[in-house]
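With these hints in hand, go ahead and build the complete structure from the sequences.
Quick note, the sequences are listed as chains A and R, same order. Position 343 (the first sequence) corresponds to 343 in full-length UniProt numbering; numbering is contiguous. Position 30 (the second sequence) corresponds to 30 in full-length UniProt numbering; numbering is contiguous.
Derived by calculation from the structure, the hints in this document are not laboratory data. All values reported here derive from a predicted model rather than from experimental measurement. Cβ atoms here follow ideal geometry from the backbone N, Cα and C, with glycine treated the same way. Please note that the accuracy of each hint is not assured.
To be verified - Beyond 10 angstroms from chain A on every Cβ pair, some chain R residues (computed): (1) T17; (2) L30; (3) N69; (4) T73; (5) V262.
What the hints assert, rightly or not - Covered stretches of chain R, as calculated for chain A (at least 3 residues, CB under 8 angstroms): (6) 161 to 168; (7) 206 to 215; (8) 230 to 241.
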Amino acid sequence: MTSHSDVEIPGDAELAQMSNDELARLGSRLDGVELVEYGERYVPGSPADKRAERKVAFWFLLAGLLGVLAAVAFIWWPAGYEDAYSDRQWLYALYTPVLGVTLGGCILALGIGVVAMAKKLMPHEVAVQARHEGGSAEVDRRTLVAEVMDAGDKAGLIKRRGVLKGSLVLAGGGLTLGAAIPILGGFIKNPWAEGPESQLWVTPWAPAPDGTKVRMVQVDGTPVSPADLEAGAMATVFPAVPGGGKASDAAVMLFRLRPGQAVSIRDGQQGFEYGDYYAYSKICTHVGCPVSLYEQQTGRILCPCHQSQFDVFDGARPVFGPATRPLPQLPLELDDEGYFVAASDFVEAVGPGFWENGKFPAWGSTPKGSS
Amino acid sequence: MSSTQQPPRGRWRFRRTKTVRRITGALALLFALSTVGLVYTALAPTPQTAVAAAPDAEAVAAGEQLYVNSCITCHGANLQGVQDRGPSLVGVGQAAVYFQVATGRMPLAEQSAQAPRKEPFFNEQEIDQLGAYIQANGGGPVVPEGNLQDREQLAKGGELYRLNCASCHNFTGQGGALSQGKYAPALDQATDEEIYAAMLSGPENMPKFGDGQLTPDEKRAIIAFIQNVNKDSIAPGGNSLGGFGPAPEGLIAFLVGMGAIVGFTLWMGSRT
Numbered sequence: 001m002t003s004h005s006d007v008e009i010p011g012d013a014e015l016a017q018m019s020n021d022e023l024a025r026l027g028s029r030l031d032g033v034e035l036v037e038y039g040e041r042y043v044p045g046s047p048a049d050k051r052a053e054r055k056v057a058f059w060f061l062l063a064g065l066l067g068v069l070a071a072v073a074f075i076w077w078p079a080g081y082e083d084a085y086s087d088r089q090w091l092y093a094l095y096t097p098v099l100g101v102t103l104g105g106c107i108l109a110l111g112i113g114v115v116a117m118a119k120k121l122m123p124h125e126v127a128v129q130a131r132h133e134g135g136s137a138e139v140d141r142r143t144l145v146a147e148v149m150d151a152g153d154k155a156g157l158i159k160r161r162g163v164l165k166g167s168l169v170l171a172g173g174g175l176t177l178g179a180a181i182p183i184l185g186g187f188i189k190n191p192w193a194e195g196p197e198s199q200l201w202v203t204p205w206a207p208a209p210d211g212t213k214v215r216m217v218q219v220d221g222t223p224v225s226p227a228d229l230e231a232g233a234m235a236t237v238f239p240a241v242p243g244g245g246k247a248s249d250a251a252v253m254l255f256r257l258r259p260g261q262a263v264s265i266r267d268g269q270q271g272f273e274y275g276d277y278y279a280y281s282k283i284c285t286h287v288g289c290p291v292s293l294y295e296q297q298t299g300r301i302l303c304p305c306h307q308s309q310f311d312v313f314d315g316a317r318p319v320f321g322p323a324t325r326p327l328p329q330l331p332l333e334l335d336d337e338g339y340f341v342a343a344s345d346f347v348e349a350v351g352p353g354f355w356e357n358g359k360f361p362a363w364g365s366t367p368k369g370s371s
Numbered sequence: 001m002s003s004t005q006q007p008p009r010g011r012w013r014f015r016r017t018k019t020v021r022r023i024t025g026a027l028a029l030l031f032a033l034s035t036v037g038l039v040y041t042a043l044a045p046t047p048q049t050a051v052a053a054a055p056d057a058e059a060v061a062a063g064e065q066l067y068v069n070s071c072i073t074c075h076g077a078n079l080q081g082v083q084d085r086g087p088s089l090v091g092v093g094q095a096a097v098y099f100q101v102a103t104g105r106m107p108l109a110e111q112s113a114q115a116p117r118k119e120p121f122f123n124e125q126e127i128d129q130l131g132a133y134i135q136a137n138g139g140g141p142v143v144p145e146g147n148l149q150d151r152e153q154l155a156k157g158g159e160l161y162r163l164n165c166a167s168c169h170n171f172t173g174q175g176g177a178l179s180q181g182k183y184a185p186a187l188d189q190a191t192d193e194e195i196y197a198a199m200l201s202g203p204e205n206m207p208k209f210g211d212g213q214l215t216p217d218e219k220r221a222i223i224a225f226i227q228n229v230n231k232d233s234i235a236p237g238g239n240s241l242g243g244f245g246p247a248p249e250g251l252i253a254f255l256v257g258m259g260a261i262v263g264f265t266l267w268m269g270s271r272t
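Have a look at this one:
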């Protein structure tokens, strides 16, 4: 931008004669930068020069050493778990800090070394560059805009060639689509592709095609019988099918309420309970956190994420917080051997059922044994 | 059990008149019943029999005296409870007494959302006497004697802790809020016996974890996990920041870490 007409351009023969130092100064001048001071920081080979080099080298050496130490610690440090009663617990506890200190120290020392090199070894210079004040001159601005517009006008892109412009937009859109599909496509699944067997509608509690009902098991695979829970107990149970312990919609809380507790049964769910036993989905109907803070005296089930509360004495109705739907109830039965099974799958969607907003009926419940 | 053999078989072939058959039949039935009874007594879960099997009359009497002095106002003359003051203690067992009294929650200082932990009012002997008295009147769960930690099962204990306990007591046992002023207490001060008693008796709003749900071995594994991993382990970062997880850790990392970086940068700039 800045004019350098005052700089004398050397001829080819003169250029061949110039040293690197002179060429560097010439380059600066051509860019409108005047080097007022320029040169080595210390006299080459002087004690100060050597001292500066040693200081920079120290940091680089330290960085290398720490990096090697990090690798050594990663491979050979005794990182195996040691419990609190072992003499070697401190070795286990120090593993992560040691990795952090060595690797972090390596990066820090490298950074300090680079900064030190810039300050102690790079050429010392004071440069002056002439800049105009404020914005560009009016003539510069007008001519630049005119150049751009005139090129567009002469190519016919401003008033003519609608087909060309349309096809250009299409090309851009096609490129974007082609680039985005492999990334976004993985997120999109058709929930209705499998019809009524779609994972959205069926949980692992659904009876097998031959009618075999799914047993409830504890996390270690033990089946649950009515004798296992004390009154006032809650157990998290899973369907006894492969993968049932990990399925995101399968976790169920099995409650045994105290005898004599007044309980209301949600409309349409009479007989889902077995005696004092009730089973509700553990997945919050708000955004799907596991609700399992159970207050056995008040019958509240709390969700730790957004403080929704459900009343287990009244069909797991939401009584506080953002959740709007009750927890789905799993119908309970005993099998021939006296263990709990799910009489059927859940009768409504588990968890945050956004796709059925507005489809669920109004709440209603009646005291247990009244009908 | 070696003394309880089957009835001698030779007898059956001896003489089979109707009377003899009836008498031997009755004897065999009696014998079989008592054998079953003996086997059952021997194989029944130890927690049911550890203390209850030997009700020390002296301890029960002393416990009754303590009860009459300190507990009767709220729990009633016959352990039946008093409306709006205290629940019935029939069937709560020694475990409930041990938990409530050893942690100082009982005797209650005032009616509030939840009984806080405080210095125990009774000494160990008195706690045992009170427990014996309650146990003698209605039975219930009993904290077993012996080692209540199974340090070989830390990983299993951790899994069970996260499934059954962590939702209220926090992943590192720091406790957390419940509804309307109630809270799950931190487990920092809880002893092995107190944790075992709490699982057995389900104090206040804590659900009960009977031996059918969490076997005694699983309870021991959970206790080992709580005591070992949460309390006795060295915090690798030097300070566990209260054990509340990523929020305080992130805050400190941001404030201290970013502060250090900004400060270092400013210092470097000032030396140019």
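To see whether the hints hold, each was checked on the structure:
1. Against the 10 angstroms criterion, R:T17 stays outside the reach of chain A, whose nearest CB is about 43 angstroms from its own CB.
2. Listed as a non-interface residue, R:L30 keeps its Cβ farther than 10 angstroms from every Cβ of chain A; the least gap is roughly 29 angstroms.
3. With a least beta-carbon separation of about 27 angstroms from chain A, R:N69 lies farther than 10 angstroms from that chain, consistent with its non-interface assignment.
4. Every C-beta of chain A lies more than 10 angstroms from that of R:T73, the closest at about 21 angstroms, which supports listing it as non-interface.
5. Chain A leaves R:V262 outside its interface by the beta-carbon criterion, the shortest separation being 15 angstroms against a cut-off of 10 angstroms.
6. A count of 4 residues in the region 161 to 168 of chain R with a Cβ less than 8 angstroms from any Cβ of chain A is obtained; the coverage claim is therefore met, three being the minimum.
7. Here the region 206 to 215 of chain R counts 7 residues with a CB under 8 angstroms from a CB of chain A, which clears the bar of 3, and the coverage holds.
8. For the region 230 to 241 of chain R, the proposed coverage by chain A is satisfied: 8 residues have a C-beta within less than 8 angstroms of a C-beta in that chain, meeting the threshold of three.
Checked against the numbered hints given earlier, this structure breaks none of them.
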